[in-house]
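**Q** Given next are the chains, with one letter for each unit.
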Amino acid sequence: MRKLILNVHLYGGLLCAPYLVIFGFSSLHFNHHFSFVEPAPNQVEWDAPLTVPSMPDNQAMADSVRDALGLMGWTIPWNMKRDPSGDLQFDLERPGKSYTLHTALKEGKVHVSEHHKGFWQVVNSLHGSGQLPNSRFVPLWGVYTEVCTWFVFFAAASGLYLWINTRRERKIGVLTLVVALGGSVFLVLLVIVRG
Amino acid sequence: MYTFIRRIHLFSGLVLLVFVLMYFVSGYVIIHRPWFGKSEPATIHRQEPLIVSERRSDEEMSRYLQEKYGLRGQRSPANHRPDGSVRFSFVRPGTSFEALIAPDGKSLTITEKHLGAADIANGLHRLHGYHGGWLYLLWAFVYDLASAALIVFAISGVVLWFQSTSRRLAGWLCLALSCGFTASMMGYLLLSR
Chain C
1 MRKLILNVHL YGGLLCAPYL VIFGFSSLHF NHHFSFVEPA PNQVEWDAPL
51 TVPSMPDNQA MADSVRDALG LMGWTIPWNM KRDPSGDLQF DLERPGKSYT
101 LHTALKEGKV HVSEHHKGFW QVVNSLHGSG QLPNSRFVPL WGVYTEVCTW
151 FVFFAAASGL YLWINTRRER KIGVLTLVVA LGGSVFLVLL VIVRG
Chain W
1 MYTFIRRIHL FSGLVLLVFV LMYFVSGYVI IHRPWFGKSE PATIHRQEPL
51 IVSERRSDEE MSRYLQEKYG LRGQRSPANH RPDGSVRFSF VRPGTSFEAL
101 IAPDGKSLTI TEKHLGAADI ANGLHRLHGY HGGWLYLLWA FVYDLASAAL
151 IVFAISGVVL WFQSTSRRLA GWLCLALSCG FTASMMGYLL LSR
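If you're matching them up, the sequences are chains C and W in order. Position 70 of the first sequence, counted from 1, bears residue number 70 in this note's numbering, the numbering being contiguous throughout. Position 34 of the second sequence, counted from 1, bears residue number 34 in this note's numbering, the numbering being contiguous throughout.
Isolated chain W, as found in the complex (with noise of 0.2 Å):
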């Protein structure tokens, strides 16, 4: 038994090593934004005509708009507006365009963002969902092993201790200590006013 959870501990980390590692990155990235610099983003406004024959869903139009007009990026659901117009999102770490068709269906205002490095990272890190074409839907299965890897660790490497030494004192100490802080901090945000 533990060599099995051993095993599961050993492989689960060296399978999802680089995803663990980039989000423990990524979010300090962003716990620490404004070490990283502030940049503004470089945008860049278009417009277009939309010439569309036939009535189309949001997601064949969103499909349509980024193969037609190059916009690259996770593909979001419509944001239909009170005032007739649509909004289409596309999202990639460090890019993101934003396509809104006119109220009338007749044209388009495309506007395109280019962020800096540490926004790159800021990407990665919230870049998740099981939408928006092939590529996003592997990220997100990635994204969900990582998850899962990291309860895995937590749990096998708990067991994996609790097994390998008799002298069990100083880690159920650690165990206590990591454990009441946490179930103090709950208790706190729920419980007071």
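Just chain C, with the same shape it has in the complex (with noise of 0.2 Å):
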């Protein structure tokens, strides 16, 4: 039974290693704002044919220019603008590019201002996604949270379990959790109660 744990404890941990990395280093950030992490001005531009019908709805018609480009994200309900012609100007988000798109529909076409984050943003977007509208690889990164989520719960229990049948560093290890538990619960139900 012990070697089951262990295994599952030590290659569970591999499989998870780098998400608890990106958990970890994301957490930092949000903390600190790292300024490197802050995404570099870095833009494309570009045109693309567009044959989508006008549609009275912003938030209709913004979802069926994304739709009709391929793109993936998120159309913004509260930053779109309508043109007197009907043309409409809406931002689309992702995790490591944002868009700003304006459709020409007599034209044909919609021009596309394309932003690109860079590699930390996209690090740290990771922390949490799991849905992105049009990608279907990206809900797989749902799932790997999930998995790597149910796996810290078992490291923990199953890390306390292995330390417990080493007999090693019993007494240290108890005076340890006990006061790091006692501090720690203490810490969170002052921050609740008392905040």
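Derived from the structure by calculation, the hints contain no laboratory data. A couple of the hints might just be wrong.
[What the hints assert, rightly or not] Which residues of chain W face chain C? A few of them, derived with a C-beta cut under 7 Å, are:
| hint | residue |
| --- | --- |
| 1 | F36 |
| 2 | S147 |
| 3 | C174 |
[What the hints assert, rightly or not] Here are the simulated distance ranges between beta carbons:
| hint | chain 1 | residue 1 | chain 2 | residue 2 | range |
| --- | --- | --- | --- | --- | --- |
| 4 | W | L137 | C | G128 | 21 to 29 Å |
| 5 | C | P49 | W | R168 | 50 to 58 Å |
| 6 | C | H32 | W | F36 | 25 to 33 Å |
| 7 | C | D57 | W | R168 | 53 to 61 Å |
| 8 | W | D104 | C | P49 | 49 to 57 Å |
| 9 | W | S184 | C | Q43 | 24 to 32 Å |
| 10 | W | D104 | C | D57 | 53 to 61 Å |
| 11 | C | K109 | W | G37 | 40 to 48 Å |
| 12 | W | R168 | C | M80 | 48 to 56 Å |
| 13 | C | V147 | W | S107 | 50 to 58 Å |
| 14 | C | G108 | W | P34 | 38 to 46 Å |
[Unchecked claim] Negatives, chain W to chain C, calculated, CB over 12 Å:
| hint | residue |
| --- | --- |
| 15 | R81 |
| 16 | R87 |
| 17 | D144 |
Since the structure is predicted, the reported quantities are computational estimates derived from the model, not experimental observations. Just so it is clear, CB atoms sit at the ideal spot from N, CA and C, and this is done for glycine as well.
Join the two chains into one complex using the hints; note that each chain is given alone, in its own frame.
**A** Quick look at the structure:
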């Protein structure tokens, strides 16, 4: 039984190691806002042919343009502008890139400003990504996140089990655990109740 | 060397067990938010007169409002709005206060929101930043330790695996699979149109 638990702890850890590093790094970034993570200005402009009907609803039309171009991401409802001619300007956001699209329906095209956010923004976005419109690959990251979350619960329990069974560092370990457990629970309760 | 790394792996786990688990439990609640029920916050609005004799900096004003009107929580930087009003926010898990000082500076509107249990988990997960009082500085420090611990667990775990066995094929396969998948996802998000 011990060997089985050790193997799951070991190989599960190897399977989840990249996620733990990404989760740890992105959490540090949320606390410190590292300047190197901020997206550098890097923009590409392009036009593409567009054949979508004009629609009265901004959100529906933005989604339709996005789908026609095969782009991934969320259209931003509060950042849409309609021209008197009926053309629509809207933003599209996804991990790694953001776009500003401006339709020119009479000319049958759309103008796209594509902003590249850079490597560290992508790392940061993997903290909790799971769904992305028009992507069949990104939901797999959601599955991986789920697996790693459950693995962390298992790793905590199995790590304690494996440590208790080795009989090494028993006294100092128990003392550390009791003090840390008490301190952590006290801090969490203090923030909730007295914060 | 093996013993030293094993001790780092073990004791960082023992010390930060509660915080690491708290972040994964609260993260799980955030990911699966609909499963935990949606509750509307109980909201209370009140108007208060504001009598301040001397000019105060944003930080001093934030502190003053917190003490004078009992607005508990982590203080956030002031938001100066185009109409001349100034908004101060105070957040703690499950409760938030917003104090909006009128453009003439003579009154303020306080909006108090009380949230449910799932939102307390959400609040714990999102509470970060070195600002807002000693309790929140301490929280941010432990948050940093827990975040760094995740990186330490991963790296020390890989080293321990490498040093503890001579039959490494299965381990290399696991590592290649996880690193390959992560690199593919990054490449996909960076390079796909």
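**Q** Would you mind marking each hint as holding or not holding in the structure?
**A** Status of each hint after checking the structure:
{"no.": "1", "hint": "F36", "verdict": "violated (15 Å)"}
{"no.": "2", "hint": "S147", "verdict": "holds (4 Å)"}
{"no.": "3", "hint": "C174", "verdict": "holds (4 Å)"}
{"no.": "4", "hint": "L137/W / G128/C: 21 to 29 Å", "verdict": "holds (25 Å)"}
{"no.": "5", "hint": "P49/C / R168/W: 50 to 58 Å", "verdict": "holds (53 Å)"}
{"no.": "6", "hint": "H32/C / F36/W: 25 to 33 Å", "verdict": "holds (30 Å)"}
{"no.": "7", "hint": "D57/C / R168/W: 53 to 61 Å", "verdict": "holds (57 Å)"}
{"no.": "8", "hint": "D104/W / P49/C: 49 to 57 Å", "verdict": "holds (55 Å)"}
{"no.": "9", "hint": "S184/W / Q43/C: 24 to 32 Å", "verdict": "holds (26 Å)"}
{"no.": "10", "hint": "D104/W / D57/C: 53 to 61 Å", "verdict": "violated (41 Å)"}
{"no.": "11", "hint": "K109/C / G37/W: 40 to 48 Å", "verdict": "holds (46 Å)"}
{"no.": "12", "hint": "R168/W / M80/C: 48 to 56 Å", "verdict": "holds (54 Å)"}
{"no.": "13", "hint": "V147/C / S107/W: 50 to 58 Å", "verdict": "holds (53 Å)"}
{"no.": "14", "hint": "G108/C / P34/W: 38 to 46 Å", "verdict": "holds (41 Å)"}
{"no.": "15", "hint": "R81", "verdict": "holds (17 Å)"}
{"no.": "16", "hint": "R87", "verdict": "holds (18 Å)"}
{"no.": "17", "hint": "D144", "verdict": "violated (6 Å)"}
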